[in-house]
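The chain contents come next:
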Amino acid sequence: MSPFDAAPTQSPTPGPTPSGSRPRQPTQPFRLAEGGLIDRDTLVRFHFDGRDFTGHPGDTLASALLANGVRLVGRSFKYHRPRGILSAGPEEPNALVELRTGPRREPNTRATTIELFDGLEASSQNRFPSLRHDLLSINGLLSPILTAGFYYKTFMWPAAFWEKLYEPIIRRAAGLGRAADEADPDHYEKATAFCDVLVVGAGPAGLAAALTAGRAGARVILCEDDAQPGGRLLAEQLSLDGRPARDWVRDALAELGAMPEVRVMSRTTVFGTYDGGTYGALEHVTDHLAATAPHLPRQVLWRIVARRCVLAAGAIERPVVFPGNDRPGIMLAGAVRTYINRFGVAPGRKAVVFANNDDAMRTVADLAKAGIAVAAVVDSRAAPSATSRDAARDAGARLIAGGQVTRAIGGRALTAVRIRDAAGREDIVPCDLLAMSGGWNPNVHLTTHHGGRPEYIASLCAFVPSVLPPGMGVAGMAAGVAGTAAALADGSRAGAEAATACGFATSPLSMPSVPAEPSGIEPLWHTLSAFGGAAGKAFVDFQNDVTAKDIGLARQEGFRAVEHLKRYTTLGMATDQGKTANVNALAIMAELTGRTIPETGTTLIRPPVQPIAIGALAGPHRGGHFKPARLTPTHDWATELGATFTAAGLWQRAQWFARPGDAGWQETVNREVTAVRTAVGICDVTTLGKIDIQGPDAAAFLERVYANAWKKLPVGRARYGLMLREDGFVFDDGTTARLGDTQYVMTTTTANAGPVMQHLEFCHQWLWPDYDVRMISVTDQWAQIAVAGPKSRDVLRQIVDTAYDLSNDAFPYMAAAEITICGGQKARLFRLSFSGELAYEIAVPARFGDALVRRLMQSGAPFGITPYGTEALGVLRIEKGHPAGPELNGQTTAHDLGMGRLLSTRKDFVGRAMAQRPALTDPARPTLVGLRPVAPHDVLPAGAHLLPKGSPATAASDQGWVSSAAWSPSVGSWIGLGLLSNGPARHGEIVCAHDPLGGRVVEVEIVPPVFVDPTGERLHA
Amino acid sequence: MPDPLHARGPLSPSACSYDHGGIRITDMSGRQVAGVALLGGDRAALDATVRQAWGVDLPDTPRIVAGSGLTFAWAGPDQWLALSDAVDDSGPDLEHVLRTTLGPLAAVTDQGDSRVALRISGPGSRDALSRLLPIDLHPRAFSPGNTALTLAGHIGVQVWQVDSCPTYDILVFRSFARSLHHDLCAAARGAARAA
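From first to last, the protein sequence lines stand for chains A and B.
Numbered according to this note's numbering, the first sequence spans residues 1 to 1021.
Numbered according to this note's numbering, the second sequence spans residues 10001 to 10195.
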């Protein structure tokens, strides 16, 4: 038979067990007549690559495809090789499909972990135009240039070709599934769970650990990746105390379910070990359902905090490296047993078993029992064990001791294997199933996330955990403890140790009797005589198409360290993280370099152990709920007025209040500015940070944290304050009012409310702990509204109780008082102005903020009161030359902002010494100036660079920048603030504002930074 | 004399109640709250004054203690929140009462509008909170009277257990109240699903 003359594996050929007397066309021809944890009475329909199939509840997509005789399920990453199903678990590197369609399409989903549901749709990946006829499999013929490192070598020149030519072609040719194009319609949750003992894995060791710890009264969480807890107990022909193992599992789960402090979480993958006994886990809540109900999350990301952890994650079987070892029909020996015993599926009709260990001989027996012919048992051990001999004899199979499978034959499906016996004679044995085993790799992943490297145990031919993260113990096959009886005992021991460490009294589990399970093994990594690849591709990493030849090439080119090997060949870098590949690869590298396996070492394994969708990591924090929103007390009122909102950090602030008839936002803002300049406007300024400072040393404390003087500020007055960082640059500014002998209220910018509070606490707790002073945030306590404009006093007069005199003499600029309004309502009034007009800020307890703004609108209507937003606020302050965020950018000094004279010379304060550094006092530093385009309607772009007129547009000519700019309706021109070298000395000079992004150059005149009321008459009116 | 101003809660009226699947979420804003922080360093004098006035010892661990007419919640070293018994702002001005009683022994700051409480109650509320709070609320770890300063998702909160129903009060800065209420309701729906 020609290797490329594959039998059509998807034809409805009757399987080894006829499907009974049903009159319909044969379905599920490879379904065994009996056995398996499936619900045979219920049919589940599904579609794969457009064809309709049926399966049963309890199936995975992989088992259902096998039951239907579908063995070709995908094309490989690079060479487009036909691929089938290798495993029966989450380690699957080959059977990757796109699950579902439309916005729920999920690429690279392992058919071995997809629970079958009615209406399931899946399609194969990386094939063009179809799975059976893939034109790009010609890549396989190009393989001489597609070996490891080929991207680096081939596409170096010309560099410009990379982005436009090479990369798109490579992305078309190589790769796996396609992500969904639309937004994910499902929702995800995050949750935290705490326990005394976290048990990872619900096989025999995990169940025993959970039972032991649970019976002791510990809070236990048992996480199982699979939908059905039980691990290998569900996959083996095994009796415990003379009963089927699954009965023991059922009883154990029933007991655990009845324990109030035990939580069994199936479909939950523990994917990472983090600090402090924290573990990441992903619960698949509705992935197994046809449709996600709107109220159910698709997945929940769990943060599990455990005092102790028992890792009982079992092991993953190793393939053997030989030419053609990726042909559909070649399967891990343990997976073959899983399909037979758990799913009632025959993975083939004629099998060869190839292994180096006794465990795989169970497969021989299970195949025979299921009625599947075993053509040969190839045991690589020179002296096969009694187990092998007995298994072959009982199955009526030929035993080839000391033999090897040297090549797989077949195209889209396996048709035969070439076998070499101990004497070197070769023979071709027809078969459609090869069950292979190179031994088992303990699942050490969660033990390595703190940097621990596993340790190689030669007698097991495997790496086992060595240094463990704090609080973790390992049990069962994950620790290299083979066999069900040993796993149960080890699990019970580990569960007892963990519970004891948490202070619980434990007693050992009574152990069920288990038949002997031989597990002898001798090393076998590959059957290659040379690594040149002459005999055909021998795959090490199936998912990333890395061959033994690639490892040879890596060695030849000097990439011998395992971390280099990984990066050079991409070994282990696919979504399966090389779970079936890594140990074989480093064993081959060890052989090539004449080192031992421990000398060769392992790569570092990082979380997550299984792929995690980004949606699960985001959880509920998406869209409008990506961050929390802070709302001002007047938010609902502003919403009613149709305000446009803008984000200021977490705050939502009204940006402007458009009215019907406004031509655009600029007209709205002009109107709002003009209202403040000519009548009165109101603006919610609650978002400014407010800090209540009390104590006998409050004044002394302010002297330290502010750069300017505070001691003489009388009660009932406010003052502008400038705060420096320790390095001498400006940190923040604001006004602070003295409300009593020992009480002040400080304001900060909106952006720095939190940082200033932290800074003050730091100063108090670490720098001056002896100061008798206390601080607490009152930002949210007070709804604060700016009332600005020449009519502001008239408006306030309407609501402030008559006992309080608001005249300029009684309540001058910078006055502050606790007052009452609207008939006794407590309030605070400050005469502060950011706009330069006669202005106040009035504060009431936040619950009254909504009522206050409505009352102001009502009382102010006769005076033309107009609400204004942050945009008008910005224009007003630019017109008045007040620095704000763009000027307080962390790189400016008090001198730069024209406030050098504020720095007190009579006291010490934070930043004083460093502010005196020569570079910070250099007069040539860019300093605050006003800017006015020569042509008033020339748009002045913020961010533009200021260059002398006529100088070349180079960085060397750069003398400063435009920090803030706006159209000023008051001036009738664009205006701006900027920082310009030697700025104050250059008033009247014309410079050029270069905006390379907008491609504009604007001539601007340097002017003083105050455009409106430079003498301050309005302020003091 | 103008009309008095009327108070308004931090939640939108349509979002104020949630009562599904054995979980009830209620708006407890309106209660009087004041920050109390030791001044002058004479803790013994402060303790004695508080004990005499309200019959309780100020807690030094994360607990809340109920006195006659007042509850004190630990809020940091030598810092507490005092809460009135009334769940609205009736009764004498709490800040004034505390200042008058404690004098120079403590800094007192009105926080009744700064911190608002959302209450979650019912058999499923512990499950709901496990979707929001990163702390252990199991009865072995957290019981009535315990409090914690922690995070609800991205929002800083102070939570305490009121009773073993269980009922929890979650104190949050007022401007975050709607976001927290949304998140609490989402968590409650998630817990109802899990149950």
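Everything labelled a hint here was simulated from the structure, so no lab data went into it.
One or more of the hints may lead you astray.
To be verified - To give an idea of the interface, some chain B residues facing chain A are shown, with a C-beta separation under 7 Å as derived from the structure:
#1 Arg10008
#2 Ser10017
#3 Tyr10018
#4 Arg10099
#5 Ala10107
#6 Arg10178
#7 Ala10186
We treat Cβ as the ideally placed atom computed from N, Cα and C, and that holds for glycine.
Checked hints:
{"no.": "1", "hint": "Arg10008", "result": "4 Å, holds"}
{"no.": "2", "hint": "Ser10017", "result": "18 Å, violated"}
{"no.": "3", "hint": "Tyr10018", "result": "14 Å, violated"}
{"no.": "4", "hint": "Arg10099", "result": "10 Å, violated"}
{"no.": "5", "hint": "Ala10107", "result": "4 Å, holds"}
{"no.": "6", "hint": "Arg10178", "result": "6 Å, holds"}
{"no.": "7", "hint": "Ala10186", "result": "6 Å, holds"}
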